[in-house]
Each structure stands twice: as structure tokens, then as C-alpha cells.
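Visitor: Chains H and P, in that order, are what the protein sequence lines are.
For the first sequence, our numbering assigns the number 89 to the initial residue and increments by one for each residue that follows.
For the second sequence, our numbering assigns the number 89 to the initial residue and increments by one for each residue that follows.
Simulated from the structure, these hints should not be mistaken for laboratory data.
Treat the hints loosely; a few may be bogus.
You can't tell identical chains apart in this list, so a pair holds if it fits in one copy or across any two.
To be verified - Mimicking EDC-like on lysine to aspartate or glutamate, the simulated pairs with C-alpha atoms at most 20 Å apart in a straight line are:
#1 Lys142 / Glu306
#2 Lys109 / Glu359
#3 Lys444 / Glu467
#4 Lys120 / Asp391
#5 Lys120 / Glu357
#6 Lys239 / Glu365
#7 Lys142 / Asp401
#8 Lys428 / Glu219
#9 Lys294 / Glu357
#10 Lys338 / Glu359
#11 Lys405 / Glu429
One letter stands for each residue in the lines below.
2 protein chains.
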Amino acid sequence: MKNSSDNKVVDLFKHTNTSAKVLNISDSFEMKRGGHLSNVNVAYEAWGSLNSDKSNVIVIFTGLSASSHVTSSPSDQAPGWWETMVGDGKAIDTSKYYVICINTLGSCFGSTSPVSINEQTNQPYRLTFPELTVEDMANASQLLLDKIGIKRIHLLIGPSLGGMKAIAFSILHNSIVDNLILISTATQALPYAIALRSLQREVIRKDPLWNNGFYSYENPPLNGVRIARKIGMTSYRSANEWTQRFGRKKSVDNKLNQNTFGIENTSFEFEIESYLEHQAVKFQNIFDANCYLYLSRAMDWFDASNLGKSSLDAFSKININKALVLAVDTDTLFPPQQQKEIAENLSLSNTKVEYKELSCVQGHDSFLVDTVSFSKEIENFIKSL
Amino acid sequence: MKNSSDNKVVDLFKHTNTSAKVLNISDSFEMKRGGHLSNVNVAYEAWGSLNSDKSNVIVIFTGLSASSHVTSSPSDQAPGWWETMVGDGKAIDTSKYYVICINTLGSCFGSTSPVSINEQTNQPYRLTFPELTVEDMANASQLLLDKIGIKRIHLLIGPSLGGMKAIAFSILHNSIVDNLILISTATQALPYAIALRSLQREVIRKDPLWNNGFYSYENPPLNGVRIARKIGMTSYRSANEWTQRFGRKKSVDNKLNQNTFGIENTSFEFEIESYLEHQAVKFQNIFDANCYLYLSRAMDWFDASNLGKSSLDAFSKININKALVLAVDTDTLFPPQQQKEIAENLSLSNTKVEYKELSCVQGHDSFLVDTVSFSKEIENFIKSL
Chain H
89 MKNSSDNKVV DLFKHTNTSA KVLNISDSFE MKRGGHLSNV NVAYEAWGSL
139 NSDKSNVIVI FTGLSASSHV TSSPSDQAPG WWETMVGDGK AIDTSKYYVI
189 CINTLGSCFG STSPVSINEQ TNQPYRLTFP ELTVEDMANA SQLLLDKIGI
239 KRIHLLIGPS LGGMKAIAFS ILHNSIVDNL ILISTATQAL PYAIALRSLQ
289 REVIRKDPLW NNGFYSYENP PLNGVRIARK IGMTSYRSAN EWTQRFGRKK
339 SVDNKLNQNT FGIENTSFEF EIESYLEHQA VKFQNIFDAN CYLYLSRAMD
389 WFDASNLGKS SLDAFSKINI NKALVLAVDT DTLFPPQQQK EIAENLSLSN
439 TKVEYKELSC VQGHDSFLVD TVSFSKEIEN FIKSL
Chain P
89 MKNSSDNKVV DLFKHTNTSA KVLNISDSFE MKRGGHLSNV NVAYEAWGSL
139 NSDKSNVIVI FTGLSASSHV TSSPSDQAPG WWETMVGDGK AIDTSKYYVI
189 CINTLGSCFG STSPVSINEQ TNQPYRLTFP ELTVEDMANA SQLLLDKIGI
239 KRIHLLIGPS LGGMKAIAFS ILHNSIVDNL ILISTATQAL PYAIALRSLQ
289 REVIRKDPLW NNGFYSYENP PLNGVRIARK IGMTSYRSAN EWTQRFGRKK
339 SVDNKLNQNT FGIENTSFEF EIESYLEHQA VKFQNIFDAN CYLYLSRAMD
389 WFDASNLGKS SLDAFSKINI NKALVLAVDT DTLFPPQQQK EIAENLSLSN
439 TKVEYKELSC VQGHDSFLVD TVSFSKEIEN FIKSL
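Take these sequences, add in the hints, and give me the full structure.
Guide: In C-alpha cells:
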């Protein structure tokens with residue numbers, strides 16, 4: 089960690105992976121929608137060894153809520169969010185590639201964000217943080233890579249929000265990326281996804297503890313963040329997965345079986361309810377409410393066609409060799425139609441594109457869960473490069 | 089209205105259709121999960137004329153949020169919730185049939201519910217209202233029909249929750265129903281639907297104004313009810329409908345374009361957001377929060393298989409001539425698979441069943457919106473009887 093401000097942020101979010109490196113990437117970082125940030129930090133982790141001609145770099149951009157801890161390492165043995173995908177001998181093979189995972193600008197896991205200290209006020213930015221876009225996240229990632237001497241990326245991989253960042257990065261920094269894997273992502277947010285995110289933000293804002301962003305970090309708006317997470321979760325998996333997994337089973341968790349009021353004699357009577365509660369409680373304790381608002385709205389705003397005169401014009405700026413676009417048949421948040429659009433846009437701009445629609449029951453989150461199916465596709469693609 | 093208690097309830101909910109008749113159906117009504125209600129009222133409306141042998145009765149059970157005002161009438165010319173479906177010369181033809189629509193027990197539109205006055209305390213029931221089930225709603229409807237002299241129903245129609253009630257009614261009161269139309273409904277609630285409803289209830293309960301059910305009727309938990317309604321709406325239509333209808337259009341509603349906080353410089357910047365807000369504000373002003381909690385949980389609890397030794401055993405008690413089961417291909421809340429299950433259960437119990445999966449973009453709500461497609465199917469079925 090670079091300075092006391094960083095340490096203060098880390099203190100607020102104890103979950104921040106201890107092995108992440110944090111680098112200052114800019115003294116004055118211009119934001120796309122106006123305003124700027126001074127002394128911008130970006131957190132990242134790296135695995136494997138950079139070869140002599142620096143031609144073995146794989147960069148992973150994360151989804152909305154993930155840290156840079158994509159897999160375990162000697163210095164941080166906690167399992168990463170893509171542990172079964174990234175590692176020695178795995179599909180993304182750290183014995184062959186130098187793998188870098190970058191924490192998003194605006195995320196509370198080490199990069200500069202609304203919980204960071206604004207050095208001009210010596211207070212956390214909170215809502216004085218400038219409006220954040222996917223393009224800002226891409227630009228901050230580019231500066232980080234530049235800072236650590238990476239001028240070319242053999243393969244850039246982005247799932248979900250990470251895919252939006254990867255699209256923006258490939259358009260804005262088109263001399264850097266050689267190959268691309270985009271997973272369950274989109275060229276632009278569509279209204280169903282915007283609606284779900286808008287609702288999540290509204291629930292956070294209506295939590296009285298949110299207090300217009302000026303909540304106490306010791307007593308943050310946990311209800312808002314927890315319920316927001318649950319709303320999100322209704323679109324991260326699939327109805328069929330839940331039917332198979334939970335059906336109408338009752339919850340056996342006694343801690344949750346507390347009377348709340350007459351008609352709901354167990355507040356989370358069904359197993360699906362206690363499952364959501366457990367997952368969302370974990371999340372409420374590690375994610376900052378204001379960061380969530382900023383990252384969520386950035387996804388709504390993203391529209392790659394704004395990076396050119398049209399979507400095709402924007403995509404024509406991409407200058408890569410080969411792309412793999414992976415869709416999941418049960419993904420309702422970033423449905424296969426949106427992956428097809430990406431593949432078509434890339435094809436029209438003379439990129440060699442493989443498009444695959446995987447059949448997985450876990451919906452949007454399949455890339456995190458059905459790593460058997462995903463490993464196969466990713467491994468084959470990497471071998472084909 | 090029968091007495092001052094009823095009038096008080098109506099005062100609280102000004103939307104209650106003035107033309108509804110309210111009848112006392114029982115002095116002591118036993119509830120399935122325990123407890124009882126005294127002096128139970130059920131609200132209903134009727135159109136057309138009963139023929140001499142009382143063989144032209146069509147009964148409509150409503151969804152979660154509808155009143156008995158299914159269509160306009162001379163005494164209440166406001167359009168009903170199925171105005172294009174029910175009326176003189178329409179698919180459900182009030183010039184030929186005596187059409188009765190019954191307000192659900194537990195709904196705030198005239199039937200006894202958590203906003204009704206408990207005569208023992210002279211206070212609204214609120215959360216002292218006993219646990220409510222779909223079966224209770226069916227039983228109350230049967231008592232209402234008995235009270236008005238209806239011993240046989242030529243055709244019972246139920247969409248959504250109304251379909252659950254119609255299934256329960258046909259099992260529990262199997263000498264009364266001759267034919268059945270079930271629309272976008274289910275034999276039991278599945279976890280995706282339970283999750284969405286659980287979240288809606290949690291949002292209401294977390295609204296500080298909800299106050300454990302003891303809110304002021306002048307200052308009710310509007311935020312909770314409004315956001316709950318929006319969560320529901322994400323499953324009432326379809327993602328594709330919203331893409332076609334709203335895309336990424338920006339809201340032009342200046343009333344909503346108020347600064348809320350920095351990163352969300354218009355609180356409902358996208359048209360999808362202002363659409364949801366408008367619809368949900370309408371709802372928050374007419375629907376009681378406690379009633380919503382009871383009706384919502386009743387849907388989670390419903391499982392027709394509990395009405396027999398098994399689902400098939402329960403369905404074998406149904407004794408009707410013919411059934412039409414209508415599914416919508418884009419319905420994610422009550423998906424076609426659940427309609428097929430109903431049709432299969434009915435078939436195995438020797439009912440003549442027609443199953444149709446309609447292709448409509450409006451999702452679960454298609455029966456309310458695409459009345460051209462639905463009218464055709466319903467009209468043909470009625471003619472075939």
C-alpha cells in the first residue's frame with residue numbers, strides 16, 4: 089500500500105485481498121463525463137512470469153463485484169473468484185502466461201473509488217467522486233499496464249462488466265490488444281438490465297442509513313446493499329437452476345428462522361430465500377454502497393456505439409487478430425442475442441471471430457460456476473492462437 | 089356498502105370501485121392455516137343476465153392486484169382491468185353470459201382483508217389477520233357464489249393468481265365447475281417466483297414507515313410498495329418487449345428529471361426507469377402494504393399437490409368437462425413448462441384439455457395486453473362448449 093489514505097480505505101474494507109499491489113497511475117486523470125481525479129491508484133495482481141519479449145501477457149478484466157484476486161497465489165492462498173479457471177496447468181495457464189487481473193477504477197477493492205480519500209479534503213470522495221464510465225475504467229487499466237511496462241496484451245479476457253471494459257479498451261487502445269475473449273457481455277445496456285440495476289440503486293438510496301451517501305462506514309446501509317444484491321441475483325442465475333436446486337424445499341437454517349411477523353412466521357421459510365439471504369449478507373459486508381451505485385450506473389451508460397459514429401464505426405477501430413465470444417443460453421441479463429451482436433460487429437470489422445453459445449443452466453453466472461464448459465472453450469481458443 | 093366498517097375501509101382506499109357489491113358471506117370463516125375471521129365480506133361485480141336455468145354463469149378470478157372491476161358498467165364507466173375481453177359482443181360476452189368477477193379475500197378492494205376493521209378490537213386487522221392461503225380465497229369465493237344463488241359455474245376463468253384460485257376451487261368445490269380456462273398460472277410456486285415475491289415483501293418490511301405493519305394510513309410505506317411493484321414488474325413483461333419499446337431512449341418527463349445526487353443526475357434518466365416509476369406510483373397510491381404482503385406470501389405457499397396425496401391425486405378430484413390452458417412463450421414468472429404441467433395433470437385426470445402456447449412479447453402480462461390473441465382463443469373455446 090502506498091500511503092496512509094490507502095491504508096485507511098483498506099481498513100474500511102477488510103476483505104480487500106492483501107496480495108494486491110496498488111500503483112499510482114496518474115496525478116490527474118480526466119474522466120469521460122467531466123471532472124478529474126488526482127493521485128489515482130489501481131490495484132492489480134499478477135501470476136506467472138513475463139517472458140523475455142513480453143509476448144505472454146493475459147489480462148483479465150473483472151465483473152461488477154470482483155476484486156483482482158482471480159486465483160490464489162503463494163502470498164494470498166484464499167481461493168480467487170475464478171480459481172478453477174486460472175492457475176498452473178489450468179485453462180488460463182499461469183505456468184505459460186503472465187496473467188494480470190486489474191481491479192476496476194471505482195471498485196472498493198483497492199483502486200481509487202468513492203471510498204478513497206480525496207486529498208484535497210482529506211475525506212472520502214463519497215458522491216463527490218466524478219461520474220464514472222466504463223471508458224474511464226478501461227483508460228485506468230491502460231495506464232496501469234503502461235506503468236508496469238506492458239505494451240502489448242496477447243489476450244484480453246472480460247466477462248460481464250469486464251467484457252464491456254474489454255470492448256472499450258480494444259476500441260480506445262487499439263494498438264495494444266492482440267486477441268480477445270468476451271463472455272456474457274454487451275455492446276450496450278438494454279432496458280431490462282437497466283431496470284434491474286436502477287432498482288438496486290433505488291433500494292440503496294432509500295435505505296435511511298445511506299444518508300445521501302454520507303453514511304458512517306461503521307454503520308453503513310447494509311439493508312439497502314443486501315437487498316440490492318438479491319435483486320441482482322434474480323438475474324445472475326436462471327429460474328431452471330433454482331427449480332432443480334431448491335424446488336420448494338424449506339430452509340433448515342435456524343438462525344434465519346426467526347419470527348418476524350405473523351404471516352411470515354419464518355422470515356426466510358423457503359430454501360431459495362435463505363440462499364439469497366446468505367449470499368447477500370456476505371456481499372453487504374464487503375461492498376461499499378456508493379461504489380456499487382457508481383459501478384452500476386456506469387454499466388447502464390455504456391454504449392460502444394458512442395465510441396464512433398456508429399456501433400460498426402466504433403468496432404472498426406478494433407485491431408485484433410482473433411476473438412472468441414461466449415454466450416450462455418440461459419443468460420437473461422446479457423442474453424445470447426447480445427453476444428451475437430458483438431460477434432457480428434467484430435466480423436464486420438474484419439476480426440476473425442468464433443461465436444459459441446454454451447448450454448449451461450446457471451444463467452449469467454455460468455462462467456463462474458460451469459468452469460468445465462468454459463475451460464474447454466477458453467483452453468482451445470488459447471491453443472489456437 | 090354494508091356498514092360503517094366497510095365504509096371506513098373504502099375511505100382508506102379511494103380507488104375501490106364504487107359499483108362493487110359487498111356481501112357478508114360468513115359469520116365465522118375458518119382459515120386453512122389456523123385462525124378464523126368473523127363477519128367476512130366479499131366484494132364482487134356482475135354483468136349481463138342470469139338465464140332461467142342459471143346455466144350461463146362465467147366466473148372470473150383475479151390476479152394479485154386487480155379489483156372485481158373487470159370491465160365497465162352503467163354504474164361504473166371506468167374501464168375495467170380486462171375491458172377489451174369482457175363486454176357486450178366481446179370474447180367473454182356479457183350479452184350471452186352472466187359474468188361475475190370476485191375480489192379476492194385479503195385484497196384491499198372491498199373484501200375482508202388486513203385493512204378491514206376487526207370488530208372485536210374496532211381496529212384494522214393489520215398483521216393480526218390470520219395467515220391467508222389461496223384455498224381460503226377459493227373458499228370465500230364459493231360462499232359468495234352460494235350467497236347469490238349460484239350453484240353451478242358454466243365456465244371459471246383464472247389468470248395468474250386467479251388461476252391458482254381456480255385450480256384450488258375446482259379441487260375443493262368439484263361439483264360446481266363445468267369448464268375451466270387457466271391462463272399463465274401454476275400448480276405450485278417455484279423458487280424464481282418465490283424469490284421475486286420474497287424480495288418485494290422484504291423491501292416493504294424494510295421501509296421505516298411500514299413500522300411492523302402499524303403504519304399510518306395517511307402516511308403509509310409508499311417507497312416500499314412502489315419499489316416492490318417495480319421488482320414485480322421486472323417479471324410481468326419481457327426483456328424483449330422493453331428492448332423494442334424503450335431501447336436506450338432517455339426519459340423526457342421533467343417531473344422525474346430532478347437532481348437526486350451527483351452520479352444519477354436525473355434520477356430516472358432512461359425511459360424504462362420513468363416508465364417503471366409512473367406505473368409503480370399509480371400502484372403505491374391504491375394498494376395497501378399489509379394486504380400485499382399477505383397476498384404475496386399466499387402465492388408462495390400454494391401447492392395444489394397438498395390438496396391430495398399427490399399432485400395427480402389432487403387433480404383427480406377435479407370433475408369438469410373441458411379445460412383450456414393458455415401459456416405465453418415469453419412468460420418467465422409462470423413459464424410455459426408450468427402450463428404444460430397443469431394440462432398434463434388435467435389430462436391424466438380424464439379432463440378434455442386444450443393446451444395453447446401463445447407467442448406474445450409482453451410476457452406474463454400478455455393476457456392483459458395482447459387481448460387480440462387471447463380473445464381469439466377464449467372466444468373459440470367458449471363457442472366449443
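Visitor: For every hint, state whether the structure bears it out.
Guide: Here's how the hints hold up against the structure:
In this homomeric assembly, Lys142 and Glu306 never come within 20 Å of each other (Cα to Cα): the closest approach is 44 Å inside a single copy and 68 Å across copies. In this assembly of identical chains, Lys109 and Glu359 lie within 20 Å of each other by CA distance neither inside one copy nor across copies; the values are 39 Å within and 41 Å between. With identical chains, the CA atoms of Lys444 and Glu467 are at most 20 Å apart within one copy only, with a shortest distance of 14 Å there and 44 Å across copies. For a Cα distance limit of 20 Å, the shortest separation of Lys120 from Asp391 inside one copy, 13 Å, qualifies, whereas the shortest one across copies, 53 Å, does not.
Within a single copy, Lys120 and Glu357 get their C-alpha atoms only as close as 46 Å, which misses the 20 Å cut-off; across copies the closest is 18 Å, which meets it. When the C-alpha separation of Lys239 and Glu365 is checked against a cutoff of 20 Å, the pair qualifies neither within a copy, at 44 Å, nor between copies, at 47 Å. In this homomeric assembly, Lys142 and Asp401 never come within 20 Å of each other (Cα to Cα): the closest approach is 31 Å inside a single copy and 69 Å across copies. With identical chains, the CA atoms of Lys428 and Glu219 are never at most 20 Å apart, being 30 Å at best within one copy and 48 Å at best between copies.
Taking CA atoms no more than 20 Å apart as the test, Lys294 paired with Glu357 passes between copies only; the shortest distance there is 18 Å, against 26 Å inside one copy. In this assembly of identical chains, the alpha carbons of Lys338 and Glu359 lie at most 20 Å apart only when taken from the same copy (5 Å versus 39 Å across copies). Taking CA atoms no more than 20 Å apart as the test, Lys405 paired with Glu429 passes inside one copy only; the shortest distance there is 16 Å, against 51 Å between copies.
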